[in-house]
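Engineer: Each chain, letter by letter, is given below.
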Amino acid sequence: MAEVTEEWQPKIVMFCCNWCSYGGADSAGMGRFQQPPTVRVIRVMCSGRMDPVFILNAFLEGADGVIFSGCHIGDCHYVNGNYKATVKYKFLKAMVNELGLEDERLKLDWISASEGERYAEVVTEFTEQIKKVGPSPLKPEGVI
Amino acid sequence: MEVGDCYIGWATDEDIRTRGASGGLVTAMLAAALEKGLVEAVVVLKKLGEFEAVPVVTSDPEEVKAAAGSMHSVPIVLSRYLDYGTKVALPAKPCDARSTIEQAKRGQVDIDTTYIVGLNCGGTMHPAVTRDMLDVMYKLDPADIEGEEIDKGKLIFETKDGKEHAIKIDELEEEGYGRRESCQYCDVNIPTMADIACGNWGVIGDLAGKGTFVEINTEKGIEILKNAIDAGAVEITPADDKGKAIRAKVDGAMMNVAAAANKKYLSPIEGSHLDYYMNALSDCINCGACKTVCPVCACGEGAKCTDFSSASDTYKMSLFHLVRFVHLMDSCIGCGQCTDVCPVDIPLTHIYQRFAVPMQEEFEYKPGMDMTTPPFFGVDLIEEGH
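Residue numbers (this note's numbering), protein chains in the order written: chain U, 1 to 144; chain X, 1 to 386.
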């Protein structure tokens, strides 16, 4: 496990849906809401597209935390994609817990395109959480 | 004849009755289904030796009759053998039946054309382990064995010179022999999910050893039994309440033993879970045998677990297994085949069950028991009122 220093910044992978959360990230930027530079955003068309394999791969490639986010329940651009995301989240959460990864490392949140401030809040909060639990034990050697 | 009725039946053919187990009802029923054209194919076990058999698909009633006699084999992936929609009758242990139903939910098997003839099962044994056990525990030469039997908690082997050698199953299992690990904790002994459930439990009095107890579970079950009666291949008599009670008692006793084994088997991991899993999976050579034999996997070639992972990507843990952990959470029936085939002896079934059982308990869902509950990743959420 890498040594935790004051300067250590976690690496977080965030999957945003094209229609809401990715827009939310845009609004956060346009509204100049301050947020830590820890998040790498990957755009997917819908939170329902989130495959467990993406999340597991992110952890294996060295992510300290993974967020996936989509439209609020009821607002999905594809009618029910975010319900499907909740089912997968439930399974993934149980799986990640049994695996022995900390509960804080995986998060599902709903952020709409107009919620720039909320986007910044979620990112800040999650970064703080990850800083508390430290680097992921699944991080390969040599990855910072 | 109605769903839920219980009968005791036997084959009319003298030869089948003597060679087959418990009156040869199942053999006669399968052969009659083929002869009368109810099905196009039947899956039977072809003996390779005293301890081994392979499932084969046949359309020849003579071959079905030749396969009379009980034999335990591992659960099979029916969809690999047959085209979708083939009319087939399948003698099935509870795990066979459950895997077939899970395959049907995933569109691999047409449940309407598949007649599942369930067989009671108290556990199976691994051929290689059995040979080893004969050598170490019984001090017998595997080549001398003529028959095996389980009676009153003892595993009995009969040698060619007519002598019987018995050792208690509990004793064998303590030494790491006996039934396969997955069979020790399996709590489905009577295949209530099959169309018709057959077995020797509950056959009492004069018929003991000469008849098969039959419980009809579905309309298809009535169809296949009626077909055999009409063909004159089997005779039945209604089962009495005493027989039913005894059958339930045997089942209950087996379930208690299984529950105790399960508790031991899935006892909490000491220390770090992550270390435990990393350690267990570090031997994995990415051969994919566990996926190939998995009876509930319906992905075929080009599955996510194989296509997205390679040994070179496996930094700290195998992505292949991580994907399969999630994937099997709603479908793992704990049949134990992945452990059997693993060339580096990873206790895979054990590990998969650790992920699957808590989730299945949370959803109050047991995979393969009926067609009504869908696989959860395919759940239709609109119907739930959202």
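Note that these hints are calculated values from the structure, not bench results. Please note: incorrect hints may appear among the correct ones.
[To be verified] BS3-like, lysine-lysine: derived pairs with alpha carbons at most 25 Å apart:
{"no.": "1", "chain 1": "U", "residue 1": "Lys88", "chain 2": "X", "residue 2": "Lys46"}
{"no.": "2", "chain 1": "X", "residue 1": "Lys304", "chain 2": "U", "residue 2": "Lys139"}
{"no.": "3", "chain 1": "X", "residue 1": "Lys249", "chain 2": "U", "residue 2": "Lys88"}
{"no.": "4", "chain 1": "X", "residue 1": "Lys249", "chain 2": "X", "residue 2": "Lys210"}
{"no.": "5", "chain 1": "X", "residue 1": "Lys210", "chain 2": "U", "residue 2": "Lys93"}
{"no.": "6", "chain 1": "X", "residue 1": "Lys160", "chain 2": "X", "residue 2": "Lys210"}
{"no.": "7", "chain 1": "X", "residue 1": "Lys316", "chain 2": "U", "residue 2": "Lys107"}
{"no.": "8", "chain 1": "U", "residue 1": "Lys90", "chain 2": "X", "residue 2": "Lys304"}
{"no.": "9", "chain 1": "U", "residue 1": "Lys107", "chain 2": "X", "residue 2": "Lys168"}
{"no.": "10", "chain 1": "U", "residue 1": "Lys139", "chain 2": "X", "residue 2": "Lys316"}
{"no.": "11", "chain 1": "U", "residue 1": "Lys93", "chain 2": "X", "residue 2": "Lys139"}
{"no.": "12", "chain 1": "X", "residue 1": "Lys154", "chain 2": "X", "residue 2": "Lys244"}
{"no.": "13", "chain 1": "X", "residue 1": "Lys316", "chain 2": "U", "residue 2": "Lys88"}
{"no.": "14", "chain 1": "X", "residue 1": "Lys366", "chain 2": "U", "residue 2": "Lys90"}
{"no.": "15", "chain 1": "X", "residue 1": "Lys291", "chain 2": "X", "residue 2": "Lys168"}
{"no.": "16", "chain 1": "X", "residue 1": "Lys87", "chain 2": "X", "residue 2": "Lys46"}
{"no.": "17", "chain 1": "X", "residue 1": "Lys316", "chain 2": "U", "residue 2": "Lys132"}
{"no.": "18", "chain 1": "X", "residue 1": "Lys316", "chain 2": "U", "residue 2": "Lys131"}
{"no.": "19", "chain 1": "X", "residue 1": "Lys139", "chain 2": "U", "residue 2": "Lys90"}
{"no.": "20", "chain 1": "X", "residue 1": "Lys226", "chain 2": "X", "residue 2": "Lys249"}
{"no.": "21", "chain 1": "X", "residue 1": "Lys139", "chain 2": "X", "residue 2": "Lys168"}
{"no.": "22", "chain 1": "U", "residue 1": "Lys11", "chain 2": "X", "residue 2": "Lys316"}
{"no.": "23", "chain 1": "X", "residue 1": "Lys366", "chain 2": "U", "residue 2": "Lys88"}
{"no.": "24", "chain 1": "U", "residue 1": "Lys93", "chain 2": "X", "residue 2": "Lys154"}
{"no.": "25", "chain 1": "X", "residue 1": "Lys316", "chain 2": "U", "residue 2": "Lys90"}
{"no.": "26", "chain 1": "U", "residue 1": "Lys93", "chain 2": "X", "residue 2": "Lys168"}
{"no.": "27", "chain 1": "X", "residue 1": "Lys291", "chain 2": "U", "residue 2": "Lys93"}
{"no.": "28", "chain 1": "U", "residue 1": "Lys139", "chain 2": "U", "residue 2": "Lys11"}
Engineer: Hint by hint, note whether the structure agrees.
Structural biologist: Each hint, compared with the structure:
1. About 42 Å separates the Cα atoms of Lys88/U and Lys46/X, which puts this hinted pair outside 25 Å; it is violated.
2. Restraint check for Lys304/X and Lys139/U: the C-alpha separation of about 22 Å stays at or below 25 Å, so the hint holds.
3. The hinted pair formed by Lys249/X and Lys88/U fails the criterion: a straight-line CA distance of about 40 Å is larger than 25 Å.
4. Our distance criterion of 25 Å between C-alpha atoms is met by Lys249/X and Lys210/X, whose separation comes to about 20 Å.
5. Distance check on the hinted pair: Lys210/X and Lys93/U sit about 53 Å apart at the alpha-carbon level, beyond 25 Å; violated.
6. Pair hint Lys160/X plus Lys210/X holds up; C-alpha atoms about 23 Å apart against a cutoff of 25 Å.
7. Among the hinted pairs, Lys316/X with Lys107/U is consistent with the structure: their alpha-carbon atoms are about 22 Å apart, no more than 25 Å.
8. Note on Lys90/U and Lys304/X: the hinted pairing holds, with a Cα-Cα distance of about 19 Å set against a maximum of 25 Å.
9. Taken as a hint, the Lys107/U and Lys168/X pair is broken in the structure, with Cα atoms around 51 Å apart against an allowance of 25 Å.
10. Of the pairs offered as hints, the one joining Lys139/U and Lys316/X holds, with about 7 Å between alpha carbons and a cut-off of 25 Å not exceeded.
11. Taken as a hint, the Lys93/U and Lys139/X pair is broken in the structure, with Cα atoms around 50 Å apart against an allowance of 25 Å.
12. For the given pair, Lys154/X sits about 23 Å from Lys244/X by alpha-carbon distance, which is consistent with the 25 Å threshold.
13. Between Lys316/X and Lys88/U the CA atoms are separated by roughly 23 Å; this keeps the pair inside 25 Å, and the hint holds.
14. Annotation: proposed proximity of Lys366/X to Lys90/U holds, straight-line Cα distance about 18 Å (limit 25 Å).
15. With a C-alpha separation of about 34 Å, the suggested pair Lys291/X and Lys168/X falls outside the 25 Å cut-off, and the hint is violated.
16. Between the alpha carbons of Lys87/X and Lys46/X the distance comes to roughly 20 Å, so the proposed pair stays at or under 25 Å and holds.
17. Distance hint between Lys316/X and Lys132/U is fulfilled; the C-alpha atoms sit about 22 Å from each other, no more than 25 Å.
18. The hinted pair formed by Lys316/X and Lys131/U meets the criterion: a straight-line CA distance of about 21 Å does not exceed 25 Å.
19. For the suggested pair Lys139/X and Lys90/U, the alpha carbons sit about 52 Å apart, so the restraint of at most 25 Å is broken.
20. Between Lys226/X and Lys249/X the CA atoms are separated by roughly 28 Å; this puts the pair beyond 25 Å, and the hint is violated.
21. Note on Lys139/X and Lys168/X: the hinted pairing holds, with a Cα-Cα distance of about 15 Å set against a maximum of 25 Å.
22. For the hint linking Lys11/U to Lys316/X, the alpha-carbon distance of about 17 Å falls within 25 Å, and the restraint holds.
23. Annotation: proposed proximity of Lys366/X to Lys88/U holds, straight-line Cα distance about 18 Å (limit 25 Å).
24. Simply put, Lys93/U and Lys154/X have alpha-carbon atoms about 44 Å apart, too far for the 25 Å limit, and the pair is violated.
25. A distance of roughly 24 Å separates the Cα atoms of Lys316/X and Lys90/U; the hinted pair therefore holds under the 25 Å criterion.
26. Taking the CA atoms of Lys93/U and Lys168/X, the gap is near 43 Å; set against the 25 Å cutoff, the hint is violated.
27. Between Lys291/X and Lys93/U, the direct Cα distance comes to roughly 23 Å. Compliance with the 25 Å bound is thereby established for this hinted pair.
28. Distance restraint check for Lys139/U and Lys11/U: the Cα-Cα separation of roughly 10 Å lies within the 25 Å cut-off, and the hinted pair is therefore satisfied.
Checked against the numbered hints above, the structure breaks hints 1, 3, 5, 9, 11, 15, 19, 20, 24 and 26 and satisfies the rest.
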